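Since the structure of chain C is provided, determine the placement of chain L on it from the hints.
The listed protein sequences derive, respectively, from chains C and L.
The opening position of the first sequence corresponds to residue 1 in full-length UniProt numbering, with each subsequent residue numbered one higher.
The opening position of the second sequence corresponds to residue 1 in full-length UniProt numbering, with each subsequent residue numbered one higher.
If you are wondering where the hints come from, they were derived from the structure by calculation, not from laboratory data.
Please note that the accuracy of each hint is not assured.
[As the list claims (entries may be wrong)] Derived DSSO-like pairs (lysine-lysine); straight-line CA-CA distance at most 30 Å:
1. Lys226/L to Lys67/C
2. Lys183/C to Lys226/L
3. Lys67/C to Lys317/C
As the structure is a computational prediction, the values presented were derived from the model and not from experiment.
So the chains spell out like this:
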Amino acid sequence: MSDVLILAFESSCDETSVAVVKNGREVLSNIIATQIKSHQRFGGVVPEVASRHHVEQIIHCTKLALKEAQVDYQDLAAVAVTYGPGLVGSLLIGLMAAKAISWAHDLPLIGVNHLAGHIYAANLVAEIKYPALALVVSGGHTELVYVKAAGEFEILGDTRDDAVGEAYDKVGRMLGISYPAGKTIDQWAHEGKDTYNFPRAMLHENNLNFSFSGIKSAVINTLHHAEQVGISINKKDVATSFQNDILDILLAKTQKALHKYPVQQLIVAGGVAANSGLRERLQQELANQVELIFPPLRLCGDNAAMIGAYAYIKYQKNQFASLTLNADPSLDFEYCNNNESLL
Amino acid sequence: MNILAIDTSAAPLTIATAVDQKIIAQALDVGMKSHSVKLMPAIDTVVKQTGFKQSDIDRIIVAQGPGSFTGIRLAVTTAKMLAWTLDAQLVGVSSLAVLARNVRDFSGCIVPFFDARNGNVFAGVYQEDAAGDLQNVLQDSHIALLDLLAELQKLHQPLCFIGQGMDVYRNQILATYPDAKIVEDNIPTGQSLVDIGFKSPIVEDIDQFVPEYLRQTQAEMLWAQKQSTEVLKNNNYIQDV
Numbered sequence: 001m002s003d004v005l006i007l008a009f010e011s012s013c014d015e016t017s018v019a020v021v022k023n024g025r026e027v028l029s030n031i032i033a034t035q036i037k038s039h040q041r042f043g044g045v046v047p048e049v050a051s052r053h054h055v056e057q058i059i060h061c062t063k064l065a066l067k068e069a070q071v072d073y074q075d076l077a078a079v080a081v082t083y084g085p086g087l088v089g090s091l092l093i094g095l096m097a098a099k100a101i102s103w104a105h106d107l108p109l110i111g112v113n114h115l116a117g118h119i120y121a122a123n124l125v126a127e128i129k130y131p132a133l134a135l136v137v138s139g140g141h142t143e144l145v146y147v148k149a150a151g152e153f154e155i156l157g158d159t160r161d162d163a164v165g166e167a168y169d170k171v172g173r174m175l176g177i178s179y180p181a182g183k184t185i186d187q188w189a190h191e192g193k194d195t196y197n198f199p200r201a202m203l204h205e206n207n208l209n210f211s212f213s214g215i216k217s218a219v220i221n222t223l224h225h226a227e228q229v230g231i232s233i234n235k236k237d238v239a240t241s242f243q244n245d246i247l248d249i250l251l252a253k254t255q256k257a258l259h260k261y262p263v264q265q266l267i268v269a270g271g272v273a274a275n276s277g278l279r280e281r282l283q284q285e286l287a288n289q290v291e292l293i294f295p296p297l298r299l300c301g302d303n304a305a306m307i308g309a310y311a312y313i314k315y316q317k318n319q320f321a322s323l324t325l326n327a328d329p330s331l332d333f334e335y336c337n338n339n340e341s342l343l
Numbered sequence: 001m002n003i004l005a006i007d008t009s010a011a012p013l014t015i016a017t018a019v020d021q022k023i024i025a026q027a028l029d030v031g032m033k034s035h036s037v038k039l040m041p042a043i044d045t046v047v048k049q050t051g052f053k054q055s056d057i058d059r060i061i062v063a064q065g066p067g068s069f070t071g072i073r074l075a076v077t078t079a080k081m082l083a084w085t086l087d088a089q090l091v092g093v094s095s096l097a098v099l100a101r102n103v104r105d106f107s108g109c110i111v112p113f114f115d116a117r118n119g120n121v122f123a124g125v126y127q128e129d130a131a132g133d134l135q136n137v138l139q140d141s142h143i144a145l146l147d148l149l150a151e152l153q154k155l156h157q158p159l160c161f162i163g164q165g166m167d168v169y170r171n172q173i174l175a176t177y178p179d180a181k182i183v184e185d186n187i188p189t190g191q192s193l194v195d196i197g198f199k200s201p202i203v204e205d206i207d208q209f210v211p212e213y214l215r216q217t218q219a220e221m222l223w224a225q226k227q228s229t230e231v232l233k234n235n236n237y238i239q240d241v
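Pulled out of the complex, with its shape left as it was, chain C reads as follows:
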């Protein structure tokens, strides 16, 4: 069978990305234009500003992706695009661009769930063996996903409130770190001491769900209290205590999931998968019981290569979209319905 080359678009938040991926496994190009510097002006992503930037970047990224991969339209098998979840205005730009290319060159269109993309970034560095478990951690998501077979996902647990990356950004803001705060907190966490012992929410509950708003409030209260009574705060100790708290929760829930759903592989996906503390802890505590797949940093954040990786699964199953494909900002996987009883 000849190689399947997919041109993929991703524009769900504040990165415009276009990639060419071969057979779902090999990245021929993966162009990413990030708007971080723009949104830093506002302390977070402003949806209307994000949508405007995507329109400015979309051709530039497409042009480079084709050029770097050294391919032309006749080499392509399909066009893929993230259609959710994400910011609707942002999603629509990638969607319109993908539809235009698909229609102009009579190429089949494939709609990709952004979360499936994050998980399938793993296929670009290893080969996913089913069933697998995925821990998806990002600014918008915190989910434990059971990947039963190729393209079959079930949510075992997710966050009741903030996503883990969101908690990092909010605590970061309190510590005076500019958005996005994950990298600096991670760094500080390696330099401070765990002196605050913030609460570990839902740690002992009999489910696989997360909650991060309590710990975020605990950090904020600690900082406010210190300010009021005039005690000085060691920000690095706050960072260490916060990160330890978060990692304890992530590790405990992941352990619990692995216990109930024995798998060979644990895929760690999403922007927070770049966190070195998380990588270290998973390595130390889980490497002896499961094969760990961490996509490289460039494939952890939002990128189109991961969209092309998952699109290949849908291509093989002939799951194509029509030109009526719309953005679905709250797209998600199905929840596993017998989860509670299994625990």
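Frame of chain C, contents of chain L only:
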């Protein structure tokens, strides 16, 4: 010249094909389904009805704004992507000029507008010249309706209003200009789009082509108020990583 013309700047959707200025096929849709669902299928239907292959398209005309931010982004993204990938010419036209072109045989000033909420409109002023072509009299802008009505006084011309949101503003308009002509037919026609786009300049740099929003985002406005001119000069916010 084979033309494809697109306008989704307000609630109606207009897609047309033309050979030079002669309309061959068009789709006008005022239904409730969103433009993001309808736009590409409508282009497909109209182009195929015409008997064009995709590669037959020589020029794409797009209503570039002002209008609904999402609406103009959908049309502009689709148009620029198609023009670039099909190696066709791209022409951006004012959504307001297109609406004004719907009015024929009126020698005074035509005032097309879109409701921009809170008493504001996107509006411009246009007039037919001796050759029958539309000329811009007052630039398209985001303006309070009351300010617009005051501006129009200086023109000393019979006025014709055409717009989206007429129900909201009709009484205010007629209170100031009792003799003004009000046009209800506010769906931009393919003929209007093509008439303007046929004679408009071709976009030089398709890559940089963006909608005419005529309004900064709230976040950027508030941010800019607090910045020095030095900071405002920098607009290098996107990085390839």
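Outcome of the hint check:
1. Lys226/L to Lys67/C: The given pair, whose Cα atoms are some 41 Å apart, is violated under the 30 Å limit.
2. Lys183/C to Lys226/L: 28 Å, holds
3. Lys67/C to Lys317/C: 29 Å, holds
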